[in-house]
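Residue numbers (this note's numbering), protein chains in the order written: chain A, 9 to 576; chain B, 9 to 576.
Treat the hints with care, as some may be off.
Counterexamples of contact, computed for chain B against chain A with all Cβ distances above 12 Å [as the list claims (entries may be wrong)]:
hint	residue
1	Glu70
2	Ala84
3	Gly98
4	Thr105
5	Ala110
6	Gly119
7	Ala173
8	Gly203
9	Glu407
10	Val412
11	Lys527
12	Asn557
13	Arg573
30 Å max Cα-Cα, derived DSSO-like pairs, lysine-lysine [what the hints assert, rightly or not]:
hint	chain 1	residue 1	chain 2	residue 2
14	A	Lys329	B	Lys121
15	A	Lys104	A	Lys178
16	A	Lys329	B	Lys302
17	B	Lys85	A	Lys85
18	A	Lys329	B	Lys480
19	B	Lys329	A	Lys99
20	A	Lys527	B	Lys263
21	B	Lys183	A	Lys329
22	A	Lys329	B	Lys104
23	B	Lys455	A	Lys74
24	B	Lys183	A	Lys386
25	B	Lys527	A	Lys270
26	B	Lys480	A	Lys107
27	B	Lys178	B	Lys104
28	A	Lys527	B	Lys178
29	B	Lys329	A	Lys270
30	A	Lys386	B	Lys386
31	B	Lys178	B	Lys302
32	B	Lys329	A	Lys171
33	A	Lys302	B	Lys302
34	A	Lys572	B	Lys302
35	B	Lys329	A	Lys329
36	B	Lys329	A	Lys178
37	B	Lys270	A	Lys270
38	A	Lys270	B	Lys386
39	B	Lys183	A	Lys263
40	B	Lys517	A	Lys465
In short, the hints are calculated from the structure, not lab data.
Here the structure is a predicted model, which means the values were calculated and not measured.
No residue lacks a Cβ here, since even glycine has one placed at the ideal position from N, Cα and C.
Protein chains: 2
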Amino acid sequence: MSEPPEAKAQVEAPAEGETPAQSKKGAKKAEAKAKKEAEKAKRAAERLAAEAAQKAASGSGEDVGKDNYGDATIEAKHINAERIYLKNLGKDHVGKTVKLRAWIQNSRMQGAKMAFFELREEANWTIQALMGVDEQKGVSKQMVKWAGALNSESFLLVEALVKEAPEPIKSCRVKDFELQISKLYVEAKAPAELGLTLAAANKAISSFEDTDPVQGMKDLSVTEQTGGAPSASLGTHLDNPVMHKRAPLTRAIAKVRMTVRKLFAEFLDANDFEQFEAPCLIGAASEGGANVFKLPYFETDACLAQSPQFYKQFEIAGGAKRVYCIGPVFRAENSNTPRHMTEFTGLDMEMEFEEDYSEVRNMIESLMLYIFRGLEEKCSEQIELIRSVYPSEKFLLPEAGKEVRLTFAEGQKLLREHGPEEFRNVSDDEDMSTPQEKALGALVREKFGTDFYVLDKFPESARPFYTMEDPKNPNITNAYDFMMRGQEILSGAQRIHIPELLEARMRRKGLDPASPGLKEYVDVFRSAGVPKHGGGGIGLDRVVAWYLNLPSVHLACAYPRTPKRLLP
Amino acid sequence: MSEPPEAKAQVEAPAEGETPAQSKKGAKKAEAKAKKEAEKAKRAAERLAAEAAQKAASGSGEDVGKDNYGDATIEAKHINAERIYLKNLGKDHVGKTVKLRAWIQNSRMQGAKMAFFELREEANWTIQALMGVDEQKGVSKQMVKWAGALNSESFLLVEALVKEAPEPIKSCRVKDFELQISKLYVEAKAPAELGLTLAAANKAISSFEDTDPVQGMKDLSVTEQTGGAPSASLGTHLDNPVMHKRAPLTRAIAKVRMTVRKLFAEFLDANDFEQFEAPCLIGAASEGGANVFKLPYFETDACLAQSPQFYKQFEIAGGAKRVYCIGPVFRAENSNTPRHMTEFTGLDMEMEFEEDYSEVRNMIESLMLYIFRGLEEKCSEQIELIRSVYPSEKFLLPEAGKEVRLTFAEGQKLLREHGPEEFRNVSDDEDMSTPQEKALGALVREKFGTDFYVLDKFPESARPFYTMEDPKNPNITNAYDFMMRGQEILSGAQRIHIPELLEARMRRKGLDPASPGLKEYVDVFRSAGVPKHGGGGIGLDRVVAWYLNLPSVHLACAYPRTPKRLLP
């Protein structure tokens, strides 16, 4: 049986109807409400009609197929046949009756006696299946009619005969085989209209617009409700987590994310780092009071950790030579940009060193290169798919032995001498702005052919109080940033392990060493001798977003948290 | 050179002086304050004297050793010799000059010309080292005096000659070799008196008493300040994180903990589970409103997640067949017991199933057995060490193929028929109390020879709204607990994947399906067909505490959070 001509209409329909509405909010709200109510009524009517039809069919006493289809949402149905998975389907299966579970990706009736389906397993294994009336074989007219009326994204239990496709089926991933359905039960139903179609979920977002109220799901820039438009806003994606997640695009990004996380742990495990868990609830803001979430905690207040910095150091002080931790960190920053979130995942490490902090810096450099090379190897398929939606240039890495390490002063000199006009006067004593970073990234790419490099020896003013100054020059520090496509991806340094020095540096920065949280921190270094150490922390979300050149860090994360979004 | 007789005095001194004070709080406070101030003054005087002595020595112009010792806390000192690690030390090193970094575990002077040290590397690699005046070799009288006055737990850079020990050194782990020191620099200093000695840190806690105020470090049951008592309260341990962590006991527990975590991920990775990250900040209390931390969140409120339950299900709904996550969960419960914490680590998994939820139950059973068997294999040394401090019986596992799975009703029957008198009337329709659980655990151990078993088919009243009822009997559910030493360690179930059923069950439990958080949850199941699924969640802290039979779950955790403790 060859591919029916209209089978892929729903998924690949070109843009039709309105572009995202730009009209005033009031009008949009009213329109959306009216549309919603109309749809609700329509759906209710459809449901009643379908139920009546099924009742009539099964009640007539003439349905020879009545045991071969129907509802299996609660009472399980069982099929006694070989369980197959589409990715393993081969010539050996031809002529066999098999069993599978799959979503309806598309379906249509051809006349009254034949239903066509595209069935989907996992993210993107699809196969063509058909069901034709055949009373001898227990496939009744009622059964076909019922099956043809099932909604896309319903989840099915299917018995079918595997057949060779007479010609390759272009619309499906399984091209050489098709299924002739003999039994079909619905294990979970989908609604008549989806909040976000799979096709739209798999396209680049149309805008960064998100919901207005934190508690609501009322994205007004919905372009999908009418089924016509080709893409949806970020808000529509996030309000429809199920369909957003079913898109191969979303799954590919998730795979890249979790691979970064795994490669991070893998490298550090192999280099004798011990994992530990830092707490989220802490008694005082660990790194200054800005951007800290506070909460009532029994008779006092607690803060949410902004980083595991102090705890990594406590582990080193406690005798672990090398540690890492992976966990959530929080920033109460009211920034509604594609670069900000209030909760993100920190990948943090800390280690003793022997002679010089460059041991730490070089360890982190090797770690990052391991991650980037691992991504190329383990996620090439996913990266290619993501690039087809969100284009990006290949992420250039330095040749082994030719890693690029510039001092901050060298970087500034490069900017002054070869950068854009506006950066001809940048200073060695002040931190860089984002545009400066990007300009320097472009210069480094041009000059050294890499998108990844290290900037070392930051000025004192640019680093927190626990950063060790260069013993030879107190205006610069033993601190480094790691850069990706011209943006900072990791910040790290040698830490101060001498309590007197730590207190002096706190005072220089205007902090009180006796204040809650800081006192306990300094006490740790006073309580016993703590070896010299340093480390760094990576924001997982940013690594993923920037490696893939995603337009928003919110796309790199399963459940992004912003000032305007806490649900679902 | 043989072992000096008093070398191990500080670490292994037997119990002397007071037992933990039981007197009234006011008196204790005053006493503690006075003691603290006296100590402070004493320490300051000592410091001044030591500095003056060193200054005099180095200023005399006669110190032939002056370049071979001193401060290296900021300006690094470098030694040009082979870097050795104690665990690798062997006969090949004898006669060689080597370099190492280590803590002073103990030291003492023998006359004015000889200093003895026990040096420690990592948690428990110790070696005897000595430094005798030898002006020819650049070891001056001043140098020996200075070195002999260094405090225990200072961190050193050492150059030394490796020698064979004339007789085995009993007090050190390295028994056959000793070091003759030629250079010694202090990279980090320790105080004259430790808040907690290593010996005490390595003993069982003397009491569960913790600090009074959340923000303070004023544990009043300190038994260590005078150096005499053999053990310390939980509060003293937690107020002295550095010394607490340096104890091999603490490190052994941490190793067991992180091994459970790793084995969990390892088993699930091998069984095609995908890891994901659930958010901590959520817009509404996910599982009823009790025991939820709330915080101001820009223009609204946020809650801290009590479990990743909803998010695991969203992942399954989104097309992942099997998922797991590892992360912090929070309970705002004002319980000050050794069993409660406000933040702990959840190990959670969820999976689609095909025919029956027992597929999920059996997967989790295999997972737990994998973890327990892995612990025996990978942590036998640590478990033995922990047992020497906190005794526990061997954790009995069922033979392969003889796993114990009881229904809740069977468990209750066992209790009624063979349990203690007071449980002769337990009902099949009500959840068990902790004493009932423990009694049943004892019966199962006696009857089946295992400390680990599954209790299945819990009564409806005992389970949350999202638990699937048995389709054949709505009074029981497709829900199970996993038991360890008679205590619940994992709770899990088949979940409801049908939105109408979910709403009905919410109403039955007195919840409003339209309330914030619940509405978005039900919407997920309405938005597309979601396959049948189930899962479970383990509290990592409890698994560790109960496997090791620790007297408090707070000992299983690096930074326990309780209503009274948020620092350090």
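For this session: Could you work out which earlier hints the structure fails to respect and list their numbers in ascending sequence?
Result: Of the numbered hints, 2, 5, 8, 11, 13, 14, 16, 17, 18, 23, 24, 25, 28, 31, 35, 39, 40 do not hold.
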